[in-house]
Structure formats: C-alpha cells, structure tokens
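Trainee: Chains as they are written, first to last, in our numbering: chain X, 1 to 527; chain W, 1001 to 1158.
Hints are computed from structural coordinates only; laboratory data are not their basis. All values reported here derive from a predicted model rather than from experimental measurement. No residue lacks a Cβ here, since even glycine has one placed at the ideal position from N, Cα and C. A few of these clues could be false.
Away from chain W, derived, C-beta distances all over 10 angstroms, residues of chain X [what the hints assert, rightly or not]:
1. E143
2. A184
3. P235
4. A284
5. P370
6. L371
7. I399
8. P450
9. E493
So the derived list for chain X, only partly shown, Cβ under 7 angstroms to chain W, looks like this [claimed, not checked]:
10. F136
11. A159
12. T166
13. V171
14. L181
15. Y187
16. A188
17. P207
18. V209
If we take Cβ atoms under 7 angstroms as the criterion, some of the chain X residues that face chain W in the derived model are [unchecked claim]:
19. L155
20. R163
21. I178
22. L180
23. D206
24. L219
25. P270
26. V454
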Amino acid sequence: MNDLSWLVPLPVVLPLTGAGLALALWRHAHAQRVISLAALTLTLAASLALLWHVDTGPLVVDAGGWSAPVGINLVADRLASLMLAISSAVTLAVLVYSLAQGVADGDEETPVAIFHPTYLVLAAGVAIAFLSGDLFNLFVGFEVLLAASYVLITLSGSAERVRAGTIYVVVALLSSLIFLLAIALTYAATGTVNMAQLAQRLPEIDPGVALVLQLMLLLAFGIKAAIFPLSAWLPDSYPTAPAPVTAVFAGLLTKVGVYAILRTQTLLFPGGRADDLLMWAALATMVVGILGAVAQNDIKRLLSFTLVSHIGFMIFGIALSDEAGVAAAVFYVVHHITVQTTLFLVAGLIERRGGSTSLDQLGGLAKIAPLLAVLFFVPAMNLAGIPPFSGFLGKVGLIQAGVAVGTPLAYALVAGSVVTSLLTLYALVKAWNKAFWQTAPEQVAPMHLPRGMVGSAASLVVLGVGLTVVAGPLYGYTERAAGDLRARAPYIESVLPGGGRGDGVSDDVTRDADLEELEDPLDGGEP
Amino acid sequence: MDPDMTPNILLAVVVAVLVAAGVYLMLERSLTRIIIGIILASNGINVLFLIAGGAAGGPPIVGQTDAAEMSDPLPQALVLTAIVITLGITAFVLAMAYRSWQLNRHDEVQDDLEDRRIARIAAANGAIFADDDSGDVGGDLDEDAAVARDETGGVRRR
Chain X
1 MNDLSWLVPL PVVLPLTGAG LALALWRHAH AQRVISLAAL TLTLAASLAL
51 LWHVDTGPLV VDAGGWSAPV GINLVADRLA SLMLAISSAV TLAVLVYSLA
101 QGVADGDEET PVAIFHPTYL VLAAGVAIAF LSGDLFNLFV GFEVLLAASY
151 VLITLSGSAE RVRAGTIYVV VALLSSLIFL LAIALTYAAT GTVNMAQLAQ
201 RLPEIDPGVA LVLQLMLLLA FGIKAAIFPL SAWLPDSYPT APAPVTAVFA
251 GLLTKVGVYA ILRTQTLLFP GGRADDLLMW AALATMVVGI LGAVAQNDIK
301 RLLSFTLVSH IGFMIFGIAL SDEAGVAAAV FYVVHHITVQ TTLFLVAGLI
351 ERRGGSTSLD QLGGLAKIAP LLAVLFFVPA MNLAGIPPFS GFLGKVGLIQ
401 AGVAVGTPLA YALVAGSVVT SLLTLYALVK AWNKAFWQTA PEQVAPMHLP
451 RGMVGSAASL VVLGVGLTVV AGPLYGYTER AAGDLRARAP YIESVLPGGG
501 RGDGVSDDVT RDADLEELED PLDGGEP
Chain W
1001 MDPDMTPNIL LAVVVAVLVA AGVYLMLERS LTRIIIGIIL ASNGINVLFL
1051 IAGGAAGGPP IVGQTDAAEM SDPLPQALVL TAIVITLGIT AFVLAMAYRS
1101 WQLNRHDEVQ DDLEDRRIAR IAAANGAIFA DDDSGDVGGD LDEDAAVARD
1151 ETGGVRRR
C-alpha cells in the first residue's frame, strides 16, 4: 500500500538475522560484538524512520503475501512505532553497557557467545509483540521474548540465579498458558485471531463470553505486566540477574505487558467494562509496590519495587479509558522505559564502584564518584516526578485526566498517585543519602569505571532529560496515538481496507478459485 | 446453530481432564512435576483449539476437497506452533531442573527470600526494622539477607 512498508518487518528481521549470525560465529567474540551492535543500530534507525513516517497513517504488511484476516499481518501505527523507537534506543544503550562491562571484566558475567544471540532474540521478540496485528502472533512474540529472557535470567547458572530463575520461569509459563487458553476460546467464539477482525466481531458475540475473554487476557497480561496481586514474582527474580539484563527486563518486559493491555482494552474491548477492576488494581499496585520499596534496604530490590509501583500509573491511565488518560499513559510508558532502565544501569555502576548494592554497606560515593551521584540523582528525581522532568509531566497528565473523569474512584487514584510519588521521592532520597552521603562504612579501593558503561548510562540519562525537552511534540504525538486508539477505525481500516480483506497477494489465488466458495469455511461462517 | 460447529462432548471432557491434571501438577514444588503439568495443560489447550476449529473435514487444499467439506486449517497451524513452543520450553525447563539438582540435590521451586525472612522474624516475634540511620554497619536486615542467601547456597559476588 505504501513504498515504505518494507520498513515494518525490519525491527524483527534485523535482530533475528543478527542473532543467527552471532550464533554461527560463536568462536569469534569480536565479530559477534560488531554484528550485535550493527543489528541494533540499524533497528533503531528503522524504528525512528517508522516513528516519523506513521504519523501520516499506519503501515500494514501482510506477511508472506497472505491477506489479512487469514494471513498474519504486522501493523505499525503510532503507538507501536513509538514503543519500538524507545525500546530500540534502550536496548542499544544496554548493549553498549554490557559490551563495555565485558571488555572490562573479561566476559564472565555476560558470556558473549550466549549473551549476544539471546539478547538479539529478546529484542526481536519485543518488536514482534509491538508490531503484531494478530493475537496469536502476539503470543508468539511473547514466547520469543520470554524464551530469551529465561536464558538471560539464568545466565551462568549460579545457584542464586537458578533459584530466582525457577520462580520467574514457572510464573511466566503459567501466564503463557492462560494467554494460549484465552486465544483458543477467542477463536472458538469468533472464528478469528486477527485483531482488526476481532474488533469487528467481538461486539457481535454474547457479552458474557466477551467479558470472560477480556478478563482472561487481562489476567495473562497482568502477570506479565506485574500488576498487584500478580506482581510478587518480580522483585524476587529481577535483582539477581546481571545488571544489563535486569535493566533491559525492567525497562521492556513489563511494558510489553502494559502495551498488550493497552492494545486489547482499546481495540478489542472498548466498552470499558473492566475499568473499575483495573482502577482498583492500579491503586493497589501503586501503593503496595511503593510500600515495598520504602521497606527495602538493597538498591536493586528497591528499584524493582518502584518498577512494580509505577506500572500502576500506566494502568490508571488505561483504566480511565478516555483520550486524555490513554495519551498520558502512553507518555508515561515512554518515560518509564527510559528512566527505569537508566536507574538499573546506574545501580550496576554503584555496585561496581561501592562493591555492594546494600544501602548499609555503601556510603560516601558522592565524594569519590561525583559523576555517579549526578547520574543517579537525575533519573531518580525524574522517576519521583520532580518538575520539570518528564515523570512530572506524565503524572500531571494522568492527574488531569483523572480529575476530568471526576468519579470518586478516579479521585482516589489521583490521591493514590500523589502519595505514591511522594513515597517514591522518599525511598529514592533515602537511597541517595545512604549510598552517596552517609559516612562510608569502609574505604573502597579507588578505581575507574569503564568509560563505555558510564557513557551508555549517561546517554540514557540524557535521553530521559531529552524527553522533557521534546515533551511538547512528544505529548502531541501520544495524544494523536491515543486518538487513533480510541477511534479504532484508523487501525481497522488500514488492516482491512474497505471492510474486506487485507491487500496481500493471496486474493489472486482466491480469484483463480471461486472467491465466494473459499471464504466461508475460513471465516467460520459470516452471519 | 450449524451442526458442524456443535462441540464434541468427548473432546471437551478430554480438555477438562488434561487441564485439571495439569493444574494439579503445577501446584507441586518439584520442577519435573510442574513441567509434566505444563505439558498436560498445554496439550489440553491444543485439543481445545481443535474443538474451536469445528468438525473435522477433508484436507484444506483447493482443488482436492470441496470448499464446504474442508477442515479449518487455521487452528491446526496454531496448534503446530504451540506444540513447537512447548517443546522448546520443556527442553529448557528440564535443563534448568537438572542444573538445580546438580547444585542443590533437588529441583524444587524455592521460597521467596523476602517471604522467608519475614516468616522468620514473625516466628521470633522480633522487630521488622532495626535501622536507626546512625551509620552503623551490618544492621539486622543485612545480616538476615546474607543468611537467607547462604541458605540457598548462593555466593554473593564481590
């Protein structure tokens, strides 16, 4: 349909090709590094091009030339492209960080031969999930990224990681089973797994069945997004992985779950029947998560709890289910991916410099590593929502949207989000004071942090601050994205133009055979 | 309703039994039982996909079967994908169970450290937090964390 539609599969194809090459060249660590770096840089370029281009309208590709709704299609609309662009930027920065760490430490923490192919597969899985226009393909994307994450979280197979990894894997498998079950039921009820066609058919089926499907999908995605009470697995399993792995997990994996919730709630179930449930879940996630963070004395665990807590903000925006709420939620996702990844990378640097992540054993870092103090302070304030950072803008957007809705529950969430922000500030300032200001319990040997690690963390800090600088246009973009999501028609129209089929070449085949005859069994009997 | 779309009761019972057995096994602690549970439940869901596709018919090849007689090929493609995914994941979990057995002589899903620590403090009826911000090193919390980690055989890095 468009000359630039060849861009759409690139964020999936490039990392997968890179992964294959990196695996084939496992004896040549240097070549692997070059391949990974090149693949992710090109992915970032392709994502940015998509981001710029789809502002004029969604791009749709029918994979293998099979028309939607029978074939699998990839859809790059504003939301998907925005998520792709920010996630490729973050994955690239984390790759540079891990490369620098590998150069400094001799690759024991993140063995190149395994780490690079797996990491690229993870990036591809995230891209599949964002681009998929098909519920089953979304499942495949989830499985690709989860399979890669299983390997990454148990990297080097130490007892501690196997213990944490076991919990993570079992919980993730359970959520995948629920998702698969939901897809099977969806297919039984509607005869399709194409999201655009589902959006047309779901209103026609029995409302009770539709509600069951909606809740099952929410349950599956809620586990992945770590919404309370489905979040207990996260703070125990993330902190044990190597710093770059934790950083990319924290930044991306939960957000893929949030993205899936956002997509299904707006496109498939626009009635907002689960909104009250989501609001309560959002409130509980925010408050319980941040109370966990306040009680923590280990910087990585503390950050894991703030991660859970701030998922609540995004769910809040989604549950408001109006344009302002969704726009603020999308903005918040973009902000949070950047800032949470940055914080975990900086926590890795703190561990390296101070020799521990326990706040009782750290101290005096502001004196011996002033740059590190700045690198931690800026994203910490950004996360807590201190003006003028992007966290503040996202929260203000959410609060405004909540007040505009004006129900008692929405006001409760507004109050909850303010309290959560203050407690986030408390937890992070406590961490900052202890790690950087308190008298050092013991002198640590002077050392230089590798430039690449500091540089990539710093570049993410700058990106986080940069989000504030471009907040006007970015917020405009998220508002247009939210408008598309609420309207639904742009998505459905671009996948199934003219209310018919997609524009793959498979309609040539149907023209050769008898078109009327062939359509019926595949569509499961159109009324 | 189209008679072809009426689900087969026998297949529905098979799904129920497989998923129920799978859930029962997943409630166990041993990874090997959990993985058997996951295999059973996912096979149950695969059969559910077949039910979702309606009654079986001829092979869905244009020119060989009359269009009205064809099976629905889409659920079969989905099931095939799901089987492959389950196979890969099963291989991984078995490897992880073996690694766990190598390290710990068991393959159990272990407690959350935080849970275990809180349970111990509760049993001793002690204070949750003994942190007075005075800069002294090695508070209760940290010692607890170190012990909790040692219990699982973990070695703290650096």
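Trainee: Hint compliance check: list the failing hint numbers for this structure, sorted ascending.
Mentor: 1, 2, 3, 13, 17, 18, 19, 21, 23, 24, 25 and 26
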